[in-house]
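2 protein chains.
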Amino acid sequence: MADADPSARTPGRTSEPRRLRDVPAWEAEADVIVVGLGAAGACAAIEAANTGASVLVLERASGGGGTTAVSDGMMYFGGGTALQRACGFEDSVEDMVGYLLASSGPEPDEERIRTYCEESAAHFDWLVEQGVPFKAEFYPERMLSPGEEGLTYSGNELVHPFRDLAKPAPRAHMPQKEGQAGAFLMQKLIARVESAGVEIRTDSLCESLVLDDGGRVAGVHAVVAGEARDYRARHGVILCAGGFINDRAMVKQYAPELRRARFKAATEGDDGRGIRMGIGAGGAAIRMHMGSVTLPFYPPKSLMRGIFVNRSAQRFMPEDVYQGRAGEIALLKQDGRVWLVLDDECFERPVFAGGEIHAGETLAELEQEIGFPAGALQSTVALYNEHAARGEDPVFHKSAEYVKPLVTPPFGAIDLSWDKAIYAAFTLGGLATNVRAEVLDADGAVVPGLYAAGRTAASISSPGYSSGTSIGEATLFGRIAGRNAARA
Amino acid sequence: MADADPSARTPGRTSEPRRLRDVPAWEAEADVIVVGLGAAGACAAIEAANTGASVLVLERASGGGGTTAVSDGMMYFGGGTALQRACGFEDSVEDMVGYLLASSGPEPDEERIRTYCEESAAHFDWLVEQGVPFKAEFYPERMLSPGEEGLTYSGNELVHPFRDLAKPAPRAHMPQKEGQAGAFLMQKLIARVESAGVEIRTDSLCESLVLDDGGRVAGVHAVVAGEARDYRARHGVILCAGGFINDRAMVKQYAPELRRARFKAATEGDDGRGIRMGIGAGGAAIRMHMGSVTLPFYPPKSLMRGIFVNRSAQRFMPEDVYQGRAGEIALLKQDGRVWLVLDDECFERPVFAGGEIHAGETLAELEQEIGFPAGALQSTVALYNEHAARGEDPVFHKSAEYVKPLVTPPFGAIDLSWDKAIYAAFTLGGLATNVRAEVLDADGAVVPGLYAAGRTAASISSPGYSSGTSIGEATLFGRIAGRNAARA
Chain A
1 MADADPSART PGRTSEPRRL RDVPAWEAEA DVIVVGLGAA GACAAIEAAN TGASVLVLER
61 ASGGGGTTAV SDGMMYFGGG TALQRACGFE DSVEDMVGYL LASSGPEPDE ERIRTYCEES
121 AAHFDWLVEQ GVPFKAEFYP ERMLSPGEEG LTYSGNELVH PFRDLAKPAP RAHMPQKEGQ
181 AGAFLMQKLI ARVESAGVEI RTDSLCESLV LDDGGRVAGV HAVVAGEARD YRARHGVILC
241 AGGFINDRAM VKQYAPELRR ARFKAATEGD DGRGIRMGIG AGGAAIRMHM GSVTLPFYPP
301 KSLMRGIFVN RSAQRFMPED VYQGRAGEIA LLKQDGRVWL VLDDECFERP VFAGGEIHAG
361 ETLAELEQEI GFPAGALQST VALYNEHAAR GEDPVFHKSA EYVKPLVTPP FGAIDLSWDK
421 AIYAAFTLGG LATNVRAEVL DADGAVVPGL YAAGRTAASI SSPGYSSGTS IGEATLFGRI
481 AGRNAARA
Chain B
1 MADADPSART PGRTSEPRRL RDVPAWEAEA DVIVVGLGAA GACAAIEAAN TGASVLVLER
61 ASGGGGTTAV SDGMMYFGGG TALQRACGFE DSVEDMVGYL LASSGPEPDE ERIRTYCEES
121 AAHFDWLVEQ GVPFKAEFYP ERMLSPGEEG LTYSGNELVH PFRDLAKPAP RAHMPQKEGQ
181 AGAFLMQKLI ARVESAGVEI RTDSLCESLV LDDGGRVAGV HAVVAGEARD YRARHGVILC
241 AGGFINDRAM VKQYAPELRR ARFKAATEGD DGRGIRMGIG AGGAAIRMHM GSVTLPFYPP
301 KSLMRGIFVN RSAQRFMPED VYQGRAGEIA LLKQDGRVWL VLDDECFERP VFAGGEIHAG
361 ETLAELEQEI GFPAGALQST VALYNEHAAR GEDPVFHKSA EYVKPLVTPP FGAIDLSWDK
421 AIYAAFTLGG LATNVRAEVL DADGAVVPGL YAAGRTAASI SSPGYSSGTS IGEATLFGRI
481 AGRNAARA
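The listed protein sequences correspond, in order, to chains A and B.
Residue numbering for the first sequence is 1 to 488, as defined by the numbering used here.
Residue numbering for the second sequence is 1 to 488, as defined by the numbering used here.
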């Protein structure tokens, strides 16, 4: 199939560090240099400046914003934030920790998750102080609100098995702005960066880190208007340069299955440059195979009464699973072959990109039309219907409200296979960091003078993405990086 | 559950390179230094010496052998080797390439696979010249021969869908030795290392690479009897130090699902040290999440007439799939919950480690006994039996010889879940190398003076392991590394 990726890598070696003695002259100096002005970079810059450091931000694009500016601006916070309380929801740090530990796959990074949860409520207050407004209104639907509501569910808190492992609470915090709120969020944060006295230089493409003879990060090497430039960082460099979904070579080497997602939830800046700069300075890149993958559409309630099946016409997950987890399961565990099977009672033509719809007067006809093995879909639906007639789903534990027998002809199936419909993805792997946002090498030792946040750092959510953890982590660990680099 | 891993990492930072100017004196010098005396290291040393270089091998254990010495010694070769022809089998480079490309998951490394296949027949001849004997006899069973036969199938060449994508041929080449032939293979290779005039120093634990000011690898820093020692490599260093399955911290960070495999097909030397040394010198570690995972036992023909089911009592793969691929699917794609369901006609008590056996007079009873949702197993078996009655398996395409209805009570199920039975695993991720066995950095540029082979380098088989590719790659790319380092 056609490859929509921008496949050419921006020229220049990024993973070979530049030696201090090869620097002819410094173009500029600062206590702290921040690479990239997305959510992580903005919060790092604000906090470093507020901690008393002089701060220089280098941004490759002509303006700040990064991938957050093209996102919905959702942030996953909890443990009893002011917004949760204002909307009438109780939450605790332990419930948030419990949910994230349970939903983040084997061997989650417990220390990072715990820090994220413990700092969450105070960090939300800080964002409000930066001028980001949130409306104290809960949005009960299971898709992005077109309105200004501030709080919703964005994970699998209410879904089996997580609903039984930790007390559910809505944790997606959304800035008060109709529609996609990411650009609005970045506008507020960048205004604070500017008012904090941070120097921002745009159109400055960072290429590599400058290391002194002891292996300490001493600055950044960049290309500005075709000219090589070096910038000295007296205390530290913070890499906030995004993920790598738009670097064809890195995706092939590290996360080949993510190629199946044809929409990149990213900007062209997400070419892995920040991660490669960090690797070149001795940082370890971990969990690089993981990504967040969303379904081509988020099934409205009607469609959740249907069933997802794989190429063997088997069900494989509860249909009310959150779209992030659903996409991950479909694309990474089921080889990207997925259909949503419906009867006439729950059929609804969804708005989604690409895709084909099959129909049949009987299940046998539908089965044949799709090309499933004879009897396979009929067998799956028969078992599902047998349980659904009692209002139960003992196999996948879909919530009772979406369980109903599929019995009313005609029957339909929406083809959500990766080459028919468009999945959206971004990467979750990146540089290993500790809870101080310091970059770690392959032995777990700190790379002196180097910090990372945002998608340049490995996520807590790998696997098991709940929406909002990316900007949540970016803003929190960006701040932590800024504070620690300023004090270094 | 109890953690059987040796969790303590051998002390000493390996990923921080040592600077040339910090080396007080060289303990020894050679044109080429080889780190590790397993299959890759032995072949690298022989070839480097035969190319005219002086060669020093540093081995952490008290003798050579590595993981190959505790393996079955199987090597995956093809394209028409002398042994294939002597056993009456035709094979071609294109069929071997076709099979490996199809079975190695999305985005296989085509250039490396092609080199492996093109060099395969001549490389087999070279091994014979080194004194490794192979008996020209084909072993037709689907498990390891207890005898001396030289050739067998060790992958999914005969299994759907691969049998239709490339002409099958047996490609597992086994040294002529009863039982596990790995130690025998290493004995032959090490004898050649010695007769080639290579210097071997055992009990020498390499810690890090020595880099000159230009970033070129200039030697190795090691610890010998508690003392720091530096060794100069005039032309290059070849890392052949195994994988990382025995490093708890690395498995957690890079390949957390492999923790489910309780048996490590490895020695204690497989602690990732070689990979970390390479990362420290600027090398990129890729596909680090992948591993080879084998089922707790290789089902004899009788048991292949049963069906594997997951926690939802669904089938998920053809039961005649090769044990390597089966283990990978079971552990990585099905969350490690797997049962083999049988009727009385095909039941046989297998020899395997751990595990429980459930039984029932009816499928309903068996279903309840295991704890499957009511009707789930009955539904799966009914569909399977309906097709099997016609000798077909249109859902998973098991070979017709193993297809039969499961109808004769009592029924049984062998619990092969990861916490009940013992899966064996080793890692397949490692340093990125090109077909010259040179280590590459995150930009794909060569790290000067550094080579890698064996499980320290990322495998062609990730995912989709066919047994024998590890020692096959180790011996071939070890040789290629030796030749290129000697000529550098």
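If you are wondering where the hints come from, they were derived from the structure by calculation, not from laboratory data.
Hints are supplied without guarantee of correctness; some may be wrong.
The list treats identical chains as one, so a pair stands whether inside a single copy or across any two.
[As the list claims (entries may be wrong)] Derived lysine to any residue pairs resembling SDA-like cross-links, with alpha carbons at most 20 Å apart:
#1 Lys135 to Thr362
#2 Lys301 to Ile357
#3 Lys188 to Thr202
#4 Lys333 to Arg262
#5 Lys420 to Glu369
#6 Lys404 to Ile329
#7 Lys301 to Glu268
#8 Lys252 to Pro106
#9 Lys135 to Leu165
#10 Lys333 to Pro161
#11 Lys252 to Trp126
#12 Lys167 to Glu361
#13 Lys135 to Glu199
#14 Lys252 to Glu111
#15 Lys252 to Thr115
#16 Lys252 to Gly215
#17 Lys404 to Trp126
#18 Lys188 to Gly131
Against the structure, the hints come out as follows:
| no. | hint | result |
| --- | --- | --- |
| 1 | Lys135 to Thr362 | neither (48 Å within a copy, 59 Å between copies) |
| 2 | Lys301 to Ile357 | within (19 Å within a copy, 42 Å between copies) |
| 3 | Lys188 to Thr202 | within (18 Å within a copy, 62 Å between copies) |
| 4 | Lys333 to Arg262 | within (17 Å within a copy, 22 Å between copies) |
| 5 | Lys420 to Glu369 | within (16 Å within a copy, 41 Å between copies) |
| 6 | Lys404 to Ile329 | neither (23 Å within a copy, 32 Å between copies) |
| 7 | Lys301 to Glu268 | neither (34 Å within a copy, 53 Å between copies) |
| 8 | Lys252 to Pro106 | between (24 Å within a copy, 8 Å between copies) |
| 9 | Lys135 to Leu165 | neither (29 Å within a copy, 58 Å between copies) |
| 10 | Lys333 to Pro161 | both (18 Å within a copy, 18 Å between copies) |
| 11 | Lys252 to Trp126 | neither (39 Å within a copy, 33 Å between copies) |
| 12 | Lys167 to Glu361 | neither (43 Å within a copy, 41 Å between copies) |
| 13 | Lys135 to Glu199 | neither (32 Å within a copy, 73 Å between copies) |
| 14 | Lys252 to Glu111 | between (30 Å within a copy, 13 Å between copies) |
| 15 | Lys252 to Thr115 | between (33 Å within a copy, 19 Å between copies) |
| 16 | Lys252 to Gly215 | neither (30 Å within a copy, 26 Å between copies) |
| 17 | Lys404 to Trp126 | neither (45 Å within a copy, 66 Å between copies) |
| 18 | Lys188 to Gly131 | within (6 Å within a copy, 73 Å between copies) |
Violated hints, listed in ascending order, are 1, 6, 7, 9, 11, 12, 13, 16, 17; each of the other numbered hints is respected by the structure.
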